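Student: Here are the chains, one letter per residue:
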Amino acid sequence: MNTSRRNFLKSSGLGFLAFGLPPAYLVRAAGAQQGARNKTLVVVFQRGAMDGLNVVIPFKDPNYYRLRPNIAVGEPGSGAECAIDLDGFYGLHPALAPLKNIYDKGQLAFVQASGSPDNTRSHFDAQDYMEIGTPGIKNTPDGWLNRCLDEKKTSPAPFRSVALTAQLPRILAGAAPALTLSSLEEFRPRNIALGNALQKLYANSTDPLFRTGGENLFAAMNELRQIESKIPATAERYPAGRFGAGLSQIARLIKADVGLEIAFSEIGGWDTHANQGGATGQLANRLRELAAGLAAFHRDLGDRMNDVVLLTMSEFGRTASENGNRGTDHGHANVMFAIGGRVRGGKIHGRWPGLAPEVLYEGRDLALTTDFRTVCSEVVSRHLGQQELTKIFPNFRPSTPLGLIA
Amino acid sequence: MSTPLSQEQKTVHFLNRTSFGPTRSEVERVNRLGLRPYLDEQLRPNSLPDNLLEEKLAGLKTMRLSNRELIELYPPPQVARQQADQQGQGMMTRQEMQRPAMIIVELQQARLLRSIYSQRQLFEGMVDFWSNHFNVFSAKGADRWLTTAYDRDTIRPHALGKFRELLLATAQSPAMLFYLDNWLSASPDSPGARFGGQNNRRRGLNENYARELMELHTVGVDGGYTQKDVVEVARCFTGWTIRQPQQRGEFLYEPRIHDNGEKIVMGTRIPAGGGIDDGKKIIDLLARHPATARFIAEKLARRFIADQPPASIVDKAAATFRQSDGDIPSVLRTIIDSAEFFAPENYRAKIKKPLEYVASAVRALGAETQVTHQLFRYVGRMGEPLFLAQPPTGYPDVASSWISPDMLLTRMNFIADLVGNRLPGSRVAAEALRDKETFLRLIAPDGLSSATRAAIAESEGGQAIALAMAAPEFQRR
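Which chain is which? The protein sequence lines are A and B, in order. Count along the first sequence from 1, add 25, and you get the number used in this note's numbering. Count along the second sequence from 1, add 765, and you get the number used in this note's numbering.
Read the hints as simulated data drawn from the structure, not as lab findings. Bear in mind the structure is a predicted one, so any value in this text is a computation, not a measurement. Keep in mind that the hints are not guaranteed to be accurate.
[Said to hold, decoys possible] Over the 12 angstroms line for every Cβ pair with chain A, so calculated as not near, a few chain B residues:
no. : residue
1   : Ala1220
2   : Ala1229
3   : Ala1236
[Stated by the list, open to error] Okay, derived cross-link-like pairs now, DSS-like style, lysine-lysine, Cα gap no bigger than 27 angstroms in a straight line:
no. : chain 1 : residue 1 : chain 2 : residue 2
4   : B       : Lys1046   : A       : Lys163
5   : A       : Lys225    : B       : Lys1201
6   : B       : Lys1064   : B       : Lys1045
7   : A       : Lys130    : A       : Lys163
8   : A       : Lys125    : A       : Lys372
9   : B       : Lys1201   : B       : Lys1046
10  : A       : Lys225    : A       : Lys64
11  : B       : Lys1064   : B       : Lys1081
12  : A       : Lys64     : A       : Lys85
13  : B       : Lys993    : A       : Lys163
14  : B       : Lys1064   : B       : Lys1046
15  : B       : Lys1081   : A       : Lys163
Glycine is no exception: its CB is placed at the ideal position from the N, C-alpha and C atoms.
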């Protein structure tokens, strides 16, 4: 929160909420500063470690079927429920069928064998590393998505970065203000008079944590009230649940031109240690929700997808071979998705390292051939126009860009 | 903040840390007994009668049922349908239609009622602590039926006992065995894994429990174990499983899937042929590992003192842990009866978690509550739906996790509803809102900040109390 904004809130006191005086010039200023149609990066974090080998399936690698006798997805054409051919080598899990036409349009790309190079198999450490953007270094104080914002001029728009989560995720924590909200409709005080009094109380508080927290909250609520008439309702059908609801609200904010640059959403339930299923079952059910959400988001935004890149990531992949319970344990490399109008889609990026015993990472997992930071760096520079990559990913030199963004 | 705490501040600080928030009667009791005798009492919870709470819990039927009874009386939907078909639709009574979701509802109600009304406040706080430390996600499969007994028979009996006993109880609890998949883990070469055909689900090793046992329950992620150790520990626990998880839900050691070979865990040799003792040896090894003493000491100090607790108190608590063989009350006494605990910089240094915030508000107001779903949904929307943490870490205990704009707004809206008597099932008496001065003295014996005082001075009617409770001072403990 910059000083002028804080002074504005202080001097207006209870004013604009109670009497409906809109700080319209602020909204306009924010819009003008960023251009009416700014670029947005949406990150979807799949917490729990998705089994990438059963998502973008290397059906032509004979080791795949050898390692997964009970949970492998059949090769294309092998039956009613089998992989959907992507390029003759890889197939898409059938539960992701709704994404196939986005792939065919060239707006969905995959990066296979990607992820974090650190060898931890702890969910929590691995998620942290992927969120703070410094694998192996725990004491980085802020998240790399926040550092994407930090580089730019401070803007008063509280909707520059939004997490559709209850908690502020580490990836967005840091110096630039970031908003968390779970519902645009419920983001209002139950008692207006109390809300007004608390706005003033928090603004005057000497408790820095709550003064900042209060400022972020009331600034966002007040501006949401000003712009909510611009936010369209959604006609698209998103899957039930928090993930679908979150994507739907991100799409609405993008369409409303409120200056959204970074959005974050998450989807859990990927930790399939037992009975994960093959073409159907536990993992398939998670993929179905993921695909329904992503496909609805893509349809919903239509042409606006030219201004959007959506990137998925998950803390690590899972063991190349199935375990004793028809599930998979914690592994290493995984697959990332990139969706957007300017994504060079319709192909699988990244070098396939193979699944032969001698090339498996630590003898058990898919080896990593693309650091997730290489993928993110390319998206951040080519899509968001952010060139100071050493601040976003310190001590990291990205490899040759994959050519993911046109 | 270098002035030492006043006696009144000390009392309120002590109650803020060792209970779900001060009430007028508890402040009086501490003043009458003195801090140390009061702490002694709290560390021996069975000496404290809890009649009011028992009355409030009496209506929660599921709390007294075994796993087997819960599965029978609250069957999964498909089983309920089968039963109804067999008996003919007309025969289906209301009781038979009980939905398993009710089990979690009653667990949540009981946890809130206990946090608010129990006289054994430190004990209830430790139940909350261990429930997060040894988290299970009650919505995962069979855990819908297994979490009630987990809370009642695994966590609560040992919450103020010996760490080793608690660890062993969780390791053998059907709820944990199911949540972290150990019930399925089998030695691939064992007879039980090799035979049994396509329907045999227990055909090989599962690392899930072994890893979290070390990373989260005992030595911590930097505790010095390797991926090899994870596999070796998993081998030790093969055969620790559940007898009929969907019908009986009892712990079972199944020798036919146990790995009988030799294992080496963090340099310690576990000889071949140990059977069920392999797992028990690992429990002993980990419970007595110095990294565990430190890990638990730090986590307790984080809860009782500060998000970043002083190294001095962590050292002392870890030493007590080692010397007392993991005696939880001894470790707590070291932490609570310390200079660090009462240091001025740690006064109000903690942010209340949602459960703490909600319970402390109801307690401070002396409100009557039935804990309706509106109340526990508020706890959920603040970010802490009880018994529903999906990752094995449980809920975090640091400030940054709890004050996002959305969570802060929900806290304010909860206070508006509670104080405005618009929360169904909860009632704040008019007198409680009238005596403003006594109330403010209870929640802020050192006086309120100028921002809060100014807001209260401009407020009307019952708004003053609501403002004080939504203010930053009351968000902290």
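Student: Hint by hint, note whether the structure agrees.
Tutor: Quick rundown of the hints versus the structure:
1. Residue placement check: B/Ala1220 does not keep its beta carbon more than 12 angstroms from all beta carbons of chain A (closest about 4 angstroms).
2. Taking the minimum C-beta to C-beta distance to chain A, about 10 angstroms, the non-interface status of B/Ala1229 is violated against the 12 angstroms cut.
3. Interface exclusion of B/Ala1236 from chain A breaks down, the closest Cβ pair being 6 angstroms apart, not more than 12 angstroms.
4. Our distance criterion of 27 angstroms between C-alpha atoms is broken by B/Lys1046 and A/Lys163, whose separation comes to about 32 angstroms.
5. Restraint check for A/Lys225 and B/Lys1201: satisfied, since their Cα atoms lie roughly 21 angstroms apart, inside the 27 angstroms limit.
6. For the hint linking B/Lys1064 to B/Lys1045, the alpha-carbon distance of about 24 angstroms falls within 27 angstroms, and the restraint holds.
7. A C-alpha spacing of about 40 angstroms is found between A/Lys130 and A/Lys163, which places the hinted pair above 27 angstroms, so the restraint is violated.
8. Between A/Lys125 and A/Lys372 the CA atoms are separated by roughly 11 angstroms; this keeps the pair inside 27 angstroms, and the hint holds.
9. This hinted pair does not check out: B/Lys1201 and B/Lys1046 have alpha carbons roughly 58 angstroms apart, beyond 27 angstroms.
10. Between A/Lys225 and A/Lys64 the alpha-carbon distance is near 34 angstroms, which puts this suggested pair outside the 27 angstroms criterion.
11. Distance restraint check for B/Lys1064 and B/Lys1081: the Cα-Cα separation of roughly 13 angstroms lies within the 27 angstroms cut-off, and the hinted pair is therefore satisfied.
12. Using a Cα cut-off of 27 angstroms, the hinted pair A/Lys64 and A/Lys85 is violated, with the two alpha carbons roughly 38 angstroms apart.
13. With a C-alpha separation of about 23 angstroms, the suggested pair B/Lys993 and A/Lys163 falls inside the 27 angstroms cut-off, and the hint holds.
14. About 24 angstroms separates the Cα atoms of B/Lys1064 and B/Lys1046, which keeps this hinted pair within 27 angstroms; it holds.
15. Using a Cα cut-off of 27 angstroms, the hinted pair B/Lys1081 and A/Lys163 holds, with the two alpha carbons roughly 26 angstroms apart.
Figure legend: structure checked against the earlier numbered hints; hints not met, in rising order: 1, 2, 3, 4, 7, 9, 10, 12.
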